[in-house]
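Q: Given only the sequences and the hints, what does the whole structure look like? Please build it.
Protein sequences, first through last, are from chains A and B. So the first sequence is residues 1 to 373, counted in our numbering. So the second sequence is residues 1 to 373, counted in our numbering.
Treat each hint with caution, since some may be false.
[Said to hold, decoys possible] Selected chain B positions facing chain A (in silico; Cβ < 8 Å):
(1) Gly-51
(2) Asn-119
(3) Gln-152
(4) Ala-330
Quick caveat, the hints were computed from the structure, so don't treat them as lab data. A virtual CB, placed ideally from N, CA and C, is assigned to each residue, including glycine.
Protein chains: 2
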Amino acid sequence: MKQHTIVMLWAFILSASTGFSQASPTSIIEDFKPSTVNQPGQEYPKVNSQGYARFQILAPEAKSVVVSLGLGGAKGGTTLVKGEDGYWRGTTAGAMDEGFHYYHVTVDGGIFNDPGALNFYGSTRWESGIEIPAHDQDFYALKNVPHGNVQQILFPSKSTNTSRRAFVYTPPGYHKDKTKQYPVLYLQHGWGEDETAWSNQGRVNLIMDNLIAEGKIKPFLIVMTYGMTNEIKFGGLASFKIEPFQTVLVDELIPYIDSNFRTLANQANRAMAGLSMGGMETHSITLNKPEVFSHYALLSGGIYKPEEIKDKSKVKLVFVSCGSKERPEAVETSIKAMKDAGYNAVSYISENTAHEFLTWRRSFKELAPLLFK
Amino acid sequence: MKQHTIVMLWAFILSASTGFSQASPTSIIEDFKPSTVNQPGQEYPKVNSQGYARFQILAPEAKSVVVSLGLGGAKGGTTLVKGEDGYWRGTTAGAMDEGFHYYHVTVDGGIFNDPGALNFYGSTRWESGIEIPAHDQDFYALKNVPHGNVQQILFPSKSTNTSRRAFVYTPPGYHKDKTKQYPVLYLQHGWGEDETAWSNQGRVNLIMDNLIAEGKIKPFLIVMTYGMTNEIKFGGLASFKIEPFQTVLVDELIPYIDSNFRTLANQANRAMAGLSMGGMETHSITLNKPEVFSHYALLSGGIYKPEEIKDKSKVKLVFVSCGSKERPEAVETSIKAMKDAGYNAVSYISENTAHEFLTWRRSFKELAPLLFK
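A: Okay, structure coming up:
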C-alpha cells in the first residue's frame with residue numbers, strides 16, 4: 001500500500017505540474033478504506049492514505065447534516081451534502097491528525113452518532129469513533145502473538161455503597177503459571193471517559209501483548225477503574241475533590257486486587273498513571289500516598305515539581321508526557337527540574353499529536369518498559 | 001413504590017368512576033423513571049410502573065422523529081411530537097412486554113440511536129436498549145454478593161486466519177482456589193448479535209452470581225464467542241452452514257479454554273446452549289459431536305427429536321424453552337417425545353414474553369441448576 005501511495009502521489013505531482021489538476025478536490029487520493037473501528041460490515045466512514053475522512057449518512061428528509069470532525073482532528077466540522085439517493089456525503093477539508101478521534105453527527109440540530117461507526121465513551125456520552133491510520137500503528141495492532149485477557153471485575157465499595165466495575169489486564173500465561181506474582185499498574189482514563197477507555201480507545205491490552213511478545217517489558221497487571229464518584233456531576237470538574245476516589249482506589253480496589261489476583265502486593269511493585277484528568281488524579285494520589293505507589297506517570301495530565309514530593313527515596317520513576325501540539329515545553333521543563341533534583345525522571349513528547357489517544361497510546365508504549373525495573 | 005402505584009391506581013379508578021378522567025392519557029400513571037440501561041446521567045428514555053415507555057429526543061429542525069418501539073415490544077412504533085423547545089416527545093400507546101428491548105429512532109428517514117440510551121449489538125448493528133422492569137427482575141439484579149469475572153480472551157483461529165474474541169465467565173473464588181477445576185457451558189447468542197450479548201443484554205454473569213450466592217447451582221465456567229464466520233454475509237441466514245463455526249468452536253476454542261482455564265476437560269462436564277440462531281447451532285453441533293458435549297439446551301432455538309440422536313447414553317440433559325408468545329406447544333411436544341424415549345428432558349415456558357431477552361434470562365435461570373448434576 002505504501003508503494004501504491006507513492007505512485008499516486010507521484011502521479012499527482014506530475015499532473016499538477018502540467019496544470020492537469022488544479023482544482024482542489026483532485027488532490028485527494030482516492031484510496032479510501034473503511035475505518036478500522038466501523039461497525040461490522042459498514043463501509044462508511046472511510047479514511048484515505050493522506051488522513052482525509054469521508055462520511056456517508058442516510059437521512060432523506062433532513063435539512064442539514066454536519067459531522068463534528070474537521071481538519072486537524074476535533075476542530076471545526078464537515079458539512080455534508082445531500083445526494084439524490086437521500087444519503088448525505090462529505091470529506092474533511094484536509095488531512096486529520098493520525099490516530100483515534102471521537103465525533104458525532106448533528107442532524108437537524110440534534111446530536112446523534114454515525115450509524116456506521118463503533119461507539120466509545122468520551123465527553124460523558126457514547127460517541128462515534130474513527131481511526132486515521134498512524135505511520136507507527138504497528139505497535140497497537142492485533143497480531144498473531146499470545147494475548148492477555150481483559151477481565152471485568154465488580155468489586156465491593158463500601159464508601160460509595162455499590163459494586164463498582166474495573167477491568168484487569170492479565171498478561172499471556174497468567175492462567176497457566178499458577179504461582180507467578182506480578183507488579184500492578186493502576187491506570188486512569190480522562191474526563192468524560194470511563195473504565196472502558198484504556199482498552200477500547202487506548203488498545204492498551206494489544207500494546208502490552210506486543211511489547212511482551214517482543215521481550216521489551218517485564219509483564220505486569222493493569223487495573224483500570226472509573227475515576228469519578230457520586231459527588232462529581234456530569235459536565236464539570238469545578239467541584240472536584242480527590243478524597244472520595246482516593247478512598248475507592250486505595251482502600252477498596254487495591255485490597256480487592258491483591259486478594260483476588262496474584263500480585264506483588266507492595267509499594268515497590270505498584271505504579272499509578274493517568275491521562276488528562278486521570279493525570280490530575282495520579283498526581284494527587286501519589287503525593288498523598290507515597291507508601292502505596294513507587295512509579296508515577298502523567299500523560300497529558302500535569303507535571304510534578306521536586307518540592308511537592310515528601311520522601312524522595314520512595315519514588316522509583318517519574319514519567320511525564322504529552323503531544324507536541326499540547327505544551328511540550330512544560331513537560332520538558334518539569335522533567336529537567338526533577339532530574340536536576342536527582343529523580344529517575346523521563347519525559348516523552350508524541351510528535352504531531354494533540355490531546356488525543358494516539359498521544360496516550362504512544363506514551364504508554366514508552367512508559368511500560370520503564371516500569372518495575 | 002408498589003404502595004405508591006396502588007394508591008395511584010386507586011385514585012385513577014375513583015376519578016374514572018366519577019367521570020373526571022375520561023380522556024385516555026389520564027390512564028397513564030405518572031411514575032416514570034429513567035430506564036436502567038440509560039447512558040450515565042440521562043433522564044430519557046423513561047419507563048413507568050405499568051410498562052409504558054416515554055421518549056425525548058432533541059432535533060429542533062427535524063420534520064419527523066419515530067421510535068421503533070411501540071405496544072408489546074418490537075411491534076409498531078411511536079411517533080414523537082415536537083415541542084416548542086425543539087425536543088420531540090412521545091409515550092408508547094400501551095404497556096410493553098417486561099424485560100429488555102432493542103430499538104432505534106428514525107429521524108427524517110435516517111436510522112439513528114437514542115442519545116439517551118446505552119447501545120447493544122443486535123440486528124447486526126449497535127442498537128439502543130431499554131429495560132421495562134420485570135416483576136421477577138430480582139434474579140438478574142446487581143446485588144451485594146461475591147461477583148465472578150467476565151474475561152475477554154483473544155484466541156488463535158487457524159481456520160479463519162485471525163484472533164477471535166470470546167468472553168469467559170469465571171465464578172467468584174475462581175482466582176483464589178488455585179486447584180479447583182470447573183465444568184464449562186458454551187453459550188451462543190442469536191442472529192445479528194455477537195459475543196457481547198449474553199453478558200450485556202442477558203446479564204448472565206449477574207444471574208450466575210446470584211444463583212451461586214443462593215447455593216442453587218454448582219459453579220461452572222461460561223464461554224461466549226461469536227457464532228458467525230466469514231462465509232456468512234450480514235443480513236441473511238440463507239447460506240448458513242454449520243461446519244466453519246463448528247471448527248472454530250470444537251477444534252480451536254475448546255482446546256484453548258481447556259489449556260488456559262482450570263476446566264474439567266471431558267464430555268461429561270461440557271454443555272452447549274444457544275438462543276435463537278445459537279439454538280440452531282447448538283442443535284447441529286451437539287448432534288454432530290456427541291463425544292464433545294453431554295448437556296444440550298435450545299432457548300427459542302428449535303427442538304430435538306429422539307430419532308436425531310445417535311447414542312442416547314451420551315446425553316445427560318436436553319433442555320428446550322421459549323416464551324409463551326412464541327410456540328410453546330412445539331417445545332412441550334418435543335420434550336414429551338424426548339421424555340417418552342427415556343431422555344432426561346426438561347421444558348420451560350417464560351410467561352408473557354416473546355422472542356426477546358427476558359425469555360432467555362429466565363430460561364438460563366431454569367437451565368443453570370440442571371447442568372452438571
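Q: So, for every hint listed, does it hold in this structure?
A: Verification of the supplied hints:
1. For Gly-51(B), the interface hint is violated, since its Cβ never comes within 8 Å of a Cβ in chain A; the closest pair sits about 26 Å apart.
2. Among the interface hints, the one on Asn-119(B) holds; its C-beta lies about 6 Å from the nearest C-beta in chain A, closer than the 8 Å criterion.
3. A cut of 8 Å between beta carbons decides the hint on Gln-152(B): the least distance to chain A is about 4 Å, and the hint holds.
4. Proximity of Ala-330(B) to chain A is violated relative to the hint, the smallest CB-CB distance being about 32 Å (cut-off 8 Å).
Of the numbered hints given earlier, the model fails hints 1 and 4; all others are met.
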